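Asker: Below, each chain spelled out in residue letters.
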Amino acid sequence: MGFDLRIESLRPEKSTLHLQGRLDALTFVEFDKKAESVLAQMAQRGTVVLDLSALDYISSAGLRSIAKIRKVMRAREGQTLILNPQVQVRKVFDIVKATPLKEIFANEQELDDYLARIQQRALSEDDDGN
Amino acid sequence: MVRSLASRLALWVLSGATLVFVASGFLLFRMVGGQILEQAHRESGALAIEGSSLIQERLDKITDTARVLATIVGPRPFDAEPLIHDAMAGDADLAGLAVAFIPGTPLAQAAGQSPFVSRTGEGVLVTRDLLKDPAPYWNAPWFQKGLTCHQGCWQPPFLSRSRHERLVSYSSSLSVDGNVVGVVNADVTLDWLQGVLLAMKVPAGIHAFVVDREGTYLANDTVGLVGGKAPSSLLDALNATGAAEKWSQMTPLNQPDSNAWVYDEPIRGTDWKLGLVVPDEQIYAGVRRAFLYVFALGAVTLLLLALLTMLTIRQLIAPLGVLAERAESVARGALDFALPPSRKRDEIGRLTGAFDKMRQELAAHLVELTRIAREQQRLASELDIAQQIQTALLPGPHYLDARCQNFELFAALRPARTVGGDLYSYFMLPGQRFCVLIGDVADKGIPAALFMARTITLAKAMASRAQSPQHLLQLLNQELCRNNDNCMFVTLLCGFLDTASGSVTIASAGHDPPVIWGEDAPRLLQLTSGPALGLDDEASYPVFRLRMKPGDTLLMYTDGVTEAVNDVLGLYGSERILAKIEEFRRSGDADPVKFLGDDVEAYSALLGQADDIALLALRWNHVGLEKGASMLDIVFPAVVDRVFEALERSDETLAQAHVRDDVRTDVRLVLEELMINMVQHGGGHESDGMIGLRLTVVQGDVLAELNHNGAPFDPLQFASPNLTGDIADKEREGGLGIHLVRAMASELSYTRDEYGNHLQLRFACSGMQGDDHGL
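For the record, the sequence lines run as chains A and B.
Per this note's numbering, the first sequence starts with residue 1, numbered consecutively.
Per this note's numbering, the second sequence starts with residue 1, numbered consecutively.
Since the hints were derived computationally from the structure, they do not count as laboratory data.
Any given hint could turn out to be false.
Unchecked claim - So, partial list: chain A residues that the calculated Cβ filter (under 10 angstroms) puts toward chain B:
(1) Arg22
(2) Asp56
(3) Ala61
(4) Leu63
(5) Ala67
(6) Lys68
(7) Arg70
(8) Thr80
(9) Val87
(10) Phe93
(11) Ile95
(12) Val96
(13) Lys97
(14) Ala98
(15) Leu101
(16) Glu103
Said to hold, decoys possible - Some but not every residue of chain B turned toward chain A, in silico, with C-beta under 7 angstroms:
(17) Phe644
(18) Glu672
(19) Glu673
(20) Ile676
(21) Gly725
(22) Ala728
(23) Gly737
(24) Leu740
It should be emphasised that the depicted structure is a prediction, and the values quoted were computed from it without experimental measurement.
Beta carbons are placed, not taken as given, at the ideal position from N, Cα and C, and that holds for glycine.
With the hints as constraints, model all of the structure from the sequences given.
Answerer: Below you can see the structure in the form of structure tokens.
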């Protein structure tokens, strides 16, 4: 069982990366490359969604790859959201406290609601600014 | 029974003095008595002579008168009557005078009468003519006898009826021209004679008397006896009086017990004797009285002397009595008392001083003894406790591998004293390894026991970190060398048994070689040994590997077995061990340790066990491997690809063993993190780096062992990373993997030896299935 990455709806505002298989010391290099190309296209204040529903396994090497993505996105004032991590991955995330809990979502609906609330707030902020 | 020393001494003094006093008194009395008797003889003899002379003097006057008359009357017979009358008047001593003529003679006719003048009681002279007496006098005996007395003689006494008096008369014959014609008779009364006798002034107590030839008393100081016969004993004594001695002895009639002395002297001119009877009492009375006084005085003196002696001695030895009493109380155990004050430097004073000193030293000694006894009791009880503690340090004497009965162990420890320096121990180690060790601390007793406790405790604590027995010995040696100034050391034989395969690795620190037997005859395992533990902190220990076949037994022992000594000072020796083991092998007994231990005990029974004895036998049964076998045991180069190959194999193996998915993933994660670490930090030469991985499932738990010959790397040394809640916060992501490893593995231990790093991990499978955790 190797690793596979499927990139969906690649837009500067929001891209979703579907991770499959194992993200470990053997596969993180490949993932880093692909992620880099995606990140290059991301706009300021964009959102990267990492869909982990098909990721079976992650080791510290994989965690470092995710950390890199979060760093890049943070530098662009964007955000990295985690969607539906499986048992082992969730356990690893918990142990190392990888991401804030509010940025982990059990399903796409929760994620969409969260994004909508963000949108709403951004709009109202704009109104206030006017 | 006289108990007091004083009264006994006084009694002896009294007795001795009395004896001397009485003896000398008696002797003196005898000597003085003899002299006194002699003196009495002299005096009484003189007295008798004097008395005799006195009486003779008076009698001579009477006889003179009679003789003169006889001379005168012859020629003048007719004047006879006036002559005798005048004579009577002139001599008061005379009681009567008579001139009796023979009737018919011319002279008688010329006289015409035989005149007799007597004196009456009133002193009146009466004259009578004898011829006119009714009884003719010429026939009377006195007259007849008087006729024959030409020189005059005294007649026997007679009682005058007319005068009522006892008289004695002197008769002298009257001759004219040679013819006897009559008798002149002069009478004296016995009273007169008595008066003469008494005039002697005989001293009181002396009996004086005059006796005539017939033994009739003529005079006697006892008046009643006069005229009577003297007793025959007295007469015998008188007759016995010899010429040389004027005395003789007699026993008075009325006093048969007493003795008396008789002295007599004849009165000249008569056939009378004057006698004196002097009783002993009379002679000795004075000296007896004197001696009595002396004796009385002496007795009083002696009594006083005895009393004084007793008082003096009692006063002298009074402290002795107190000392005796105190000594008795010392014998009863009481030492606290006051002694009589003694200022004198005599024997008693010295004795008191010495006694007091002895008492004090005895008391001090007793206190010391009590203290020592208490101390010994305390030591004994502490030794008992120490023995219990030491026993508690040792595992039981029998161990049977409960899970699969692959092996069985027998052990025994027999200390020579309460506690000893021999030790044995055994325990399971991670990775299905079973550690056995046996050791012997130099020296015996408490120091050895303490060092033994230190060794066994350290060994247990370090065994889990030790990769191999030689590594354990090395670790122990370094620890025991620390602060070991008195150079205690311990020989140790340590073996790790792989309970899955039966292979044993053994390392020896100066210990006796073990014995192995099974199908083959017993033999010594000649393994190379390192130095004893505690001497050289840089020592290293060679390893000896052995594969036990089913039924093989490995026996370890201490030198208390080989150096046991019998009554002829023969050593037990390893040959005898081999011989006994061969005997045991054929006997089919179960417990070789008891068999050999009992034989050693019997061997050294006479001289006693001199050294501690420890025995440990490990038998490999090889019953079943299926449960405890290593499922994976691979070695591969430390490169990433090979690591992931190994991870795949490990995953497959665990899946085949039906290990739960979540555990498998944990194992994979941990192994990946550790092995990647080894690859990345293992050192420059990648080609040299080798990783060994071994997996075992025991009772559902997964045991993993990772060995790597790279640079030192202890995952336990890293501090936990600072977890902020966002991995993007970290400058470097290092440390996350180790954090994960520590979080995932149930147990993790790290050791390092000359072969590199050794990690041992355990993953518990208890608890819920991962699928049920939910999120």
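Asker: All hints are to be evaluated individually against the structure, with a verdict given for each.
Answerer: Hints and how they fare:
no.	hint	in the structure
1	Arg22	holds (9 angstroms)
2	Asp56	holds (8 angstroms)
3	Ala61	holds (7 angstroms)
4	Leu63	holds (6 angstroms)
5	Ala67	holds (4 angstroms)
6	Lys68	holds (8 angstroms)
7	Arg70	holds (4 angstroms)
8	Thr80	holds (8 angstroms)
9	Val87	holds (5 angstroms)
10	Phe93	holds (9 angstroms)
11	Ile95	holds (5 angstroms)
12	Val96	holds (5 angstroms)
13	Lys97	holds (4 angstroms)
14	Ala98	holds (5 angstroms)
15	Leu101	holds (8 angstroms)
16	Glu103	holds (9 angstroms)
17	Phe644	holds (5 angstroms)
18	Glu672	holds (5 angstroms)
19	Glu673	holds (6 angstroms)
20	Ile676	holds (5 angstroms)
21	Gly725	holds (5 angstroms)
22	Ala728	holds (4 angstroms)
23	Gly737	holds (4 angstroms)
24	Leu740	holds (6 angstroms)
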